[in-house]
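Chain order of the listed sequences is A and B.
Each residue of the first sequence is one higher than the one before, counting from 0 in numbering that gives the first Met the number 0.
Each residue of the second sequence is one higher than the one before, counting from 0 in numbering that gives the first Met the number 0.
Calculated directly from the structure, the hints in this document are not laboratory data.
Warning: the hint list may mix true and false statements.
[As the list claims (entries may be wrong)] SDA-like mimics (lysine to any residue), calculated; alpha carbons at most 20 Å apart, straight line:
1. B:93 - A:316
2. B:93 - A:36
3. A:318 - B:63
4. A:288 - B:85
5. B:93 - A:31
6. A:16 - B:52
7. A:16 - B:33
8. A:16 - B:130
9. B:93 - A:32
10. B:93 - A:18
11. B:89 - A:316
12. A:288 - B:56
13. A:288 - B:130
14. B:107 - B:44
15. B:89 - A:345
16. A:39 - B:93
17. A:288 - B:91
18. A:318 - B:64
19. B:89 - A:286
Listed below are the residues making up each chain.
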Amino acid sequence: MSANRRTPLYQWHVDHKARMVPFGGWDMPVQYAGIGPEHKAVRSAAGVFDISHMARVSFGGPDALTLLETVFTNSVATMKDGQVRYGLVCNEGGGILDDILVYRWPYGFAAVINASNREKILAWLDVHRAGRDVQIQDQTFDTTMVAVQGPRSVGLVAGMFADDVSRLKYYYATPTRYKDTGCVVSRTGYTGEDGFEVMVPNALGVALWEELIAKGAVPCGLGARDTLRLEAAMPLYGHELNDTVDPIHAGLAWAVKLDKGEFVGREAIRRAAADTARPVRVGLEIEGKRAAREGCAISAGANAVGTVTSGSLCPWLDKSLAMGYVSPQFAAPGTRLSVDVRGSALDAGVVPLPFYKRK
Amino acid sequence: MSNPSDLRYAPTHEWAKLDGDVVTVGVTAFAIEQLTEPTYLELKPVGTQLQPGDRLGVIESYKSTSDLYAPVAGTIVERNDPLVDDGKRKGDPKPVNDEPFGAGWMVKIKLAPGATLDHLLTSAQYDEQLASEGH
Chain A
0 MSANRRTPLY QWHVDHKARM VPFGGWDMPV QYAGIGPEHK AVRSAAGVFD ISHMARVSFG
60 GPDALTLLET VFTNSVATMK DGQVRYGLVC NEGGGILDDI LVYRWPYGFA AVINASNREK
120 ILAWLDVHRA GRDVQIQDQT FDTTMVAVQG PRSVGLVAGM FADDVSRLKY YYATPTRYKD
180 TGCVVSRTGY TGEDGFEVMV PNALGVALWE ELIAKGAVPC GLGARDTLRL EAAMPLYGHE
240 LNDTVDPIHA GLAWAVKLDK GEFVGREAIR RAAADTARPV RVGLEIEGKR AAREGCAISA
300 GANAVGTVTS GSLCPWLDKS LAMGYVSPQF AAPGTRLSVD VRGSALDAGV VPLPFYKRK
Chain B
0 MSNPSDLRYA PTHEWAKLDG DVVTVGVTAF AIEQLTEPTY LELKPVGTQL QPGDRLGVIE
60 SYKSTSDLYA PVAGTIVERN DPLVDDGKRK GDPKPVNDEP FGAGWMVKIK LAPGATLDHL
120 LTSAQYDEQL ASEGH
């Protein structure tokens, strides 16, 4: 018996023959019809994902802004109401504890945190709130979160909410109403496509999910979510990101504002930025159809120069793609390398990231 | 999912079907469900001599990579080549997904002298294994 948590859509997934797997302490659907068709549906039309396992936390009180500025690498003070911003939570050594989204509201803030890091980040926030007047509320278990992603997303959600969410700019969110009940819709996602992420009270989770599917969105599991984010070269915590990696070498310097004022890890990240010897994140295109997997060694001739952090045959581009860390002298696009896949040395080339960018 | 009763099974999810002294080998529907749809298949060439448990090949999906093992002792006498990627030709392993117990067969192994299928699981025993693994 599994002791994992179940989202409000769990029974729907099981009833619709999803293959369920444990992920970050939850039982989640890895696929319904198949990773390939689900992935292609998102690139060509629209797919819908249960992402209720992601942790959702709200922040209120006069010191919410300073707490977030302290623990988040990106700037919060410069955010407009309704804006969403990606950034990292780092430790004092500049190692990444999580990558999160911060939402700014007229009345406070919210954050979406990786499922597997929920308890760690809540504890981290608890440490840093000491002496500050800030209320932190974990809303993960009260709300259902669904992502609708793909070029047809805008048309698909038309008329579903009290407000016209098609007017949302990318990385903006709005409180609105679904079936006369308050909810939040944001123009965000983790697939490389246009789309929305919607948070509703649990009582409306199944209704929202079924309405999106009735309007043509294809139910997609975490398998397609992983191949989509890989193709779009988005890092995944536990693979590209962990507490031994700093944001600069992870290729996320754009999400770090060293000049915004003091924050945890700032001095270490500043030092790391000047360190030109550390391995950096790169994209690899591998010859043939075999997938490189996490942990595969990357070589230049006879020399080990790095390690794969994620890899798969990618359904849309139909290429074997991988991300990994290599020594900086081997990181330039065009560099020829090889990847050891279970004893076979596969030819690979460094290519610019992202592998896939929507038109 | 039903596992045909005329086949024998390895605990590592290969099936074996005896016909004279030739054993047809594939992987079970359960294995494919766990793997998710196959994207790549590599198999040892015709002529390869195998002992039970020897590596027979590799199967990959978008999600994961698994080794395949020989269920019986013998020599590969035939390979389902259209499924196989051998570096020169791009195979299509889709039949493994669609008909794992039929068109998705992988190799035929001529039993070594004295070799049998007796060490393999019956369908009832294999069903029991899947049940005990919580499936």
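These are the hints, each one checked on the structure:
no. : hint          : in the structure
1   : B:93 - A:316  : 18 Å, holds
2   : B:93 - A:36   : 13 Å, holds
3   : A:318 - B:63  : 15 Å, holds
4   : A:288 - B:85  : 10 Å, holds
5   : B:93 - A:31   : 17 Å, holds
6   : A:16 - B:52   : 32 Å, violated
7   : A:16 - B:33   : 13 Å, holds
8   : A:16 - B:130  : 18 Å, holds
9   : B:93 - A:32   : 14 Å, holds
10  : B:93 - A:18   : 19 Å, holds
11  : B:89 - A:316  : 16 Å, holds
12  : A:288 - B:56  : 15 Å, holds
13  : A:288 - B:130 : 34 Å, violated
14  : B:107 - B:44  : 11 Å, holds
15  : B:89 - A:345  : 15 Å, holds
16  : A:39 - B:93   : 17 Å, holds
17  : A:288 - B:91  : 11 Å, holds
18  : A:318 - B:64  : 16 Å, holds
19  : B:89 - A:286  : 12 Å, holds
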